[in-house]
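J.: Single-letter residue listing:
Number of protein chains: 4
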Amino acid sequence: MRSSVHRLTLTDPGDVSPLAEAIERGELNPATIVAVIGKTPGNGLVNDYTRGYLTQSLALLIGEHTAIHWRRIIERIPFIFSGGTEGVLTPHITVFCTEPDGNSDGRPTLAIATAFTPELAPQAIGRKAQAMDTAEAVRVAMGAAGIDDPADVHFVQVKGPCLTASQISAAAASGLDVAGGNADKSMALSRVASAFGVALALGEISEDQLDDSAFLKDFTLYSGVASCSSGVEVRCNEIVLLGNSRKWAGDYRISHRPMADALDISALYELLDDLQLEPIALSKSFAQNTTGTRSESPVMAAFVKCEADRRGLIRGQPHTMLNDGDMNQQRHIRGAVGAIAAAVLADTRIFVSGGAEHQGPDGGGIVTAIARKPEPDLQS
Amino acid sequence: MRSSVHRLTLTDPGDVSPLAEAIERGELNPATIVAVIGKTPGNGLVNDYTRGYLTQSLALLIGEHTAIHWRRIIERIPFIFSGGTEGVLTPHITVFCTEPDGNSDGRPTLAIATAFTPELAPQAIGRKAQAMDTAEAVRVAMGAAGIDDPADVHFVQVKGPCLTASQISAAAASGLDVAGGNADKSMALSRVASAFGVALALGEISEDQLDDSAFLKDFTLYSGVASCSSGVEVRCNEIVLLGNSRKWAGDYRISHRPMADALDISALYELLDDLQLEPIALSKSFAQNTTGTRSESPVMAAFVKCEADRRGLIRGQPHTMLNDGDMNQQRHIRGAVGAIAAAVLADTRIFVSGGAEHQGPDGGGIVTAIARKPEPDLQS
Amino acid sequence: MRSSVHRLTLTDPGDVSPLAEAIERGELNPATIVAVIGKTPGNGLVNDYTRGYLTQSLALLIGEHTAIHWRRIIERIPFIFSGGTEGVLTPHITVFCTEPDGNSDGRPTLAIATAFTPELAPQAIGRKAQAMDTAEAVRVAMGAAGIDDPADVHFVQVKGPCLTASQISAAAASGLDVAGGNADKSMALSRVASAFGVALALGEISEDQLDDSAFLKDFTLYSGVASCSSGVEVRCNEIVLLGNSRKWAGDYRISHRPMADALDISALYELLDDLQLEPIALSKSFAQNTTGTRSESPVMAAFVKCEADRRGLIRGQPHTMLNDGDMNQQRHIRGAVGAIAAAVLADTRIFVSGGAEHQGPDGGGIVTAIARKPEPDLQS
Amino acid sequence: MRSSVHRLTLTDPGDVSPLAEAIERGELNPATIVAVIGKTPGNGLVNDYTRGYLTQSLALLIGEHTAIHWRRIIERIPFIFSGGTEGVLTPHITVFCTEPDGNSDGRPTLAIATAFTPELAPQAIGRKAQAMDTAEAVRVAMGAAGIDDPADVHFVQVKGPCLTASQISAAAASGLDVAGGNADKSMALSRVASAFGVALALGEISEDQLDDSAFLKDFTLYSGVASCSSGVEVRCNEIVLLGNSRKWAGDYRISHRPMADALDISALYELLDDLQLEPIALSKSFAQNTTGTRSESPVMAAFVKCEADRRGLIRGQPHTMLNDGDMNQQRHIRGAVGAIAAAVLADTRIFVSGGAEHQGPDGGGIVTAIARKPEPDLQS
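Protein chains in written order, with our numbering: chain A, 282 to 661; chain B, 282 to 661; chain C, 282 to 661; chain D, 282 to 661.
Keep in mind that a hint or two might mislead.
One copy or any two copies: either way a pair holds, since identical chains are not told apart in the list.
Derived lysine-lysine pairs resembling DSS-like cross-links, with alpha carbons at most 27 Å apart [as the list claims (entries may be wrong)]:
(1) K654 / K528
(2) K498 / K466
(3) K498 / K654
(4) K528 / K409
(5) K498 / K528
Think of the hints as simulated: they come from the structure by calculation, not from any bench.
Excised from the complex, chain A in its bound form:
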């Protein structure tokens, strides 16, 4: 198989013309699209409808090009969008394509696979049941990607369902026992269940450690490669698994690093080093250029998972994110950590997602990047 990655700036969820134009120019074949991950300009919270809007718009476009009804497109292709492009960030999509190709060069190359859990019952959301289903789906995706060693998995994006306030209220009224007393809590627990599912599948935690009582409690349990979101627009967990495989053909490879805390800029430099990229080149050669013509960055996509430290401190100093009644903590932390990544990577098209509970070290998170493979003679 051959993998390819396309990044497109998309400021309005109702205007997918940049993808239409890329298709028309022959840059990508819509029939080969297997997943789309992106940032939308909403608030990234329960009432963010930009995710659903962009999904509908993209499915309509891909459907027109492939003669498949847009509702079927949504069922087949994971569209995983995180709302909130706070600060310097740019709304954009990263389109993942795969097609048959037997000409692997034998070097570690980006491998891509997707999987879905069955539809989740309301009472399964945010609990072990969701995690178990997720783990099974991750195993399926690893198989599909042809990756045997969990160490070759560098990123597992999961989008799962959550409950709205009215669904929670309706459940309570009908005696149904659901997890989380409000919408925010439900979103968080869904992310945790997804993360634990990934961790279980990759051997980061054992099944007997996976208990409802550990959710949002035992933060020593986490996945180092899971990036989980939740939203009202899905009913099952959708999984996009990325890793490296010597069996795949393609121009890109992937790596990741844990972030110890929200200021862990070292993780970004180490990640560039893993990908054999020079930090100096990045930070010096991409000067302000408002005409849009600039040399292309060797980093094709970057994914950051982060959180507002729930202990209220960063390196011993208090932050105010958890007490702000006007700006949700997720909008705070995305804007902050997204800016650090954008500054080091010299690109504002960073996928940054808040809510890193049990995803990377407590109070920190994970940073992942896809870059062009180095020239063969630079290969480590």
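Take the given structure of chain A and dock chains B, C and D to it, following the hints.
T.: Same frame as chain A, now just chains B, C and D:
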């Protein structure tokens, strides 16, 4: 004269006990305080009352220690606070003290002076008249600091008055011609007038370039060291001027760098280099430490002025800060650029102020830091 | 012609199943839909994408039922949505249908017509040119509705285009002279141009009063029946005109009242009186009923246009809407005046739109309601 | 004793000149002030510092006039401020004064008393322990007011302490068991404990019904006269009790009504009727008057407690307050119900407080008003 600088974390504007304790421990003499600059946990916009609250609280404390009525303290000492500790930032104050001391070591050392313009009439705010008064006050402050060469001035913090919606409405009703049709615009124009005043005093622009028509229009005109804020709580421009002088005694010196845009991380590394500080030491040795015990950073204070690029682009990519109806652009940009500075300097106590119109390059801003002087044998 | 009106609660702009079900139940024929007006759960500001999302979702549904491509549906049917269901308000749509029917009862009955201006150039937006095109479209709509007397026109909803920050910046860069220096201002000026267009067509102002210099300045000029919104999702002005005509068949009629200020509860009671409805019945018989079964209100739809008084006062007392950096003034005023209307009308499905510049008395606005026609023997 | 009530508009918490001027004009004697209740222009949430700022400012002023240190003033006089003047509301204070006077007219007259609980331990906050202490303080206040019959108590305002995110985190780290996992929850539980304390003292609930398990669970238990807020600025519960007594002298009396839901406008008309005031007079004679000169309303103060129905429905229709990530539900509901009250009472100086858990009927709340006593011959 001897300069000293004290940085204190202060999360609640009504609780100034950290300063009270520092005074009790003898770390600083309240009678020597000449200025206080800080970040408060408000929204940093027109309806942010945390600035006035902290001013009142600090004036009460200093007044009790110096037997001067707190209202007189407010008239004598500039308290310049910027609201908004978005993202990783920490509410804090930097206290500047000066006292007579003849033992200068002859090396460039932090020099501090303050000055005030006369009270400004509503129709002067945001116009050349305010700039002219500001320029005169800056000259007075340079004289007081014993700095002759404008190149030795590294930071001029100015706080000036602005008009509220009801004041603007009242002015219109009474036929008074005031600048700016709403409170946000009035705040911006006041910052511009202050910046142009600094630029004029330091020779960065000439008086014939200083015309009302250039305000928010000709962005090639700017000051490279002005950091201007505005708020309803003052009636005149208050100025804190910082620079280096070989005549002063003290442990600190200061430097600054322009930021070309919001991602200009190079400016931060260059600033560290100017201050003869190693970036590696900073980014590696300050690991997450929630106990609060950690080695002290050699950077004692940092000041950043930044803005959401009004052209809507950062390095050719769109940002969403100017179209967000829920989060003011200033909250966006402070959180983003503040995080970049905090990550490089490994400290969340960064003074970040938005609204950098005519303060540093258009779309970028200025970063300034105060650090311990290097050991004499390292002196360049 | 026969008019009919259908109100449907619609909380998620991506879920139009309530309309699908009404169609399936035969309650309305999708081929007869001529306009949809509604409230969506977004913020109602520049970056509110719920309006476009709901438009796309409804057009897809209607397109499937009528075998017309959804993009053609959007061109034919005005979908006029106002974002922001602050406070007690409920996201909902009001669907207007017309079909041939010769059996008028000779009493004043709701008449409906739509019209569109040509696509507007960026430099026409927010200026007299937009108003002139709007006036012509209003005249076309009056003709189509069979209304000769402007006094029989009770509501003219207009949605027009506005410019985003990046469009304004691009225009400035290319030397194009556009109205309004930022997105908020552009939205306001577009609403004014639409309102003046309505006023001109209905004889409320004369053409020589219609000058760019009156925009947002001379508030004695206004339309008493215009309700104007603006958004990035349209390129021409779309008009929905509602009035009473004795030539039409149908169960409903319409009336309106000016609101003198945001507290003008009398206007609501007078409007009920105009429609021969008892206030007591309304406020007493609609007790809290969480099961959803309740007797139907005689008021089928209500439309409110309101604004945060730009002088900063309501009945001599200051309000804080214009100085709030966290909550846009439109979110404030919609929540407030919407609640007053909902309390008097005993229904939370009120269309409330902010930005009433030159629409109704300065600082106040307009309230309009559609109700079942009284029994013939009650007819005035 | 003689009671008097003074209402003053106060837009800036740092500017208490309206009270200073009233004192100078001899309208009120600062030595007779026993309580101040008011609305400040903050967000009314955890990070609202306008409450503390106004408290400090008022205490400084009263302290200067009474030669008592301002910190002692804060300990003696309850300053109970609710942040958030959303929509049409006006920041203001209501000052309550009492002084010896033997000339009661024998008619029901406003009686005022205050009381304080001991300082509450962190683990008592939001639990039965806080309620028990509150009940005892309410009994003390009733005694001090000379009210024997609980039916004569019409309003018990309580302000209690809550825990910030960092305090909760610190408690967890030290093994201290505190109620509520985050700041918002802690605020809510503190309000409940206060309400249950009032209900217990007034016989609305029995002690065996008062169990931690009923908090935020059994909404059939509530007080019909409690109005409870919580904030980080107090360490004990402060109580202001208002009722009618034939033993007191004064010009005012008080009454209250339950609100069945957020649209219960009938409650307001019934309240006016209780106070023998004509609704027509109120709604007709207070026309928009921007000069500030207008006849005085017979309603001297109004207090509303309300909440966003946690079941997500109002009269069977969904609201969006609980799912809004940008605007806190309290800002929504205060703006909505405050506007309804302001419209009926024709005055924007309404004290509206959100968070009505166990204060009035579930999903509704309480409205209370103080008005001039009717002329004796109108006395019922």
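J.: If a hint holds in the structure, say so; if it doesn't, say that too.
T.: Against the structure, the hints come out as follows:
no.	hint	in the structure
1	K654 / K528	within (15 Å within a copy, 56 Å between copies)
2	K498 / K466	both (13 Å within a copy, 18 Å between copies)
3	K498 / K654	neither (40 Å within a copy, 45 Å between copies)
4	K528 / K409	neither (34 Å within a copy, 65 Å between copies)
5	K498 / K528	neither (40 Å within a copy, 57 Å between copies)
When each numbered hint is compared with the structure, violations occur for hints 3, 4 and 5.
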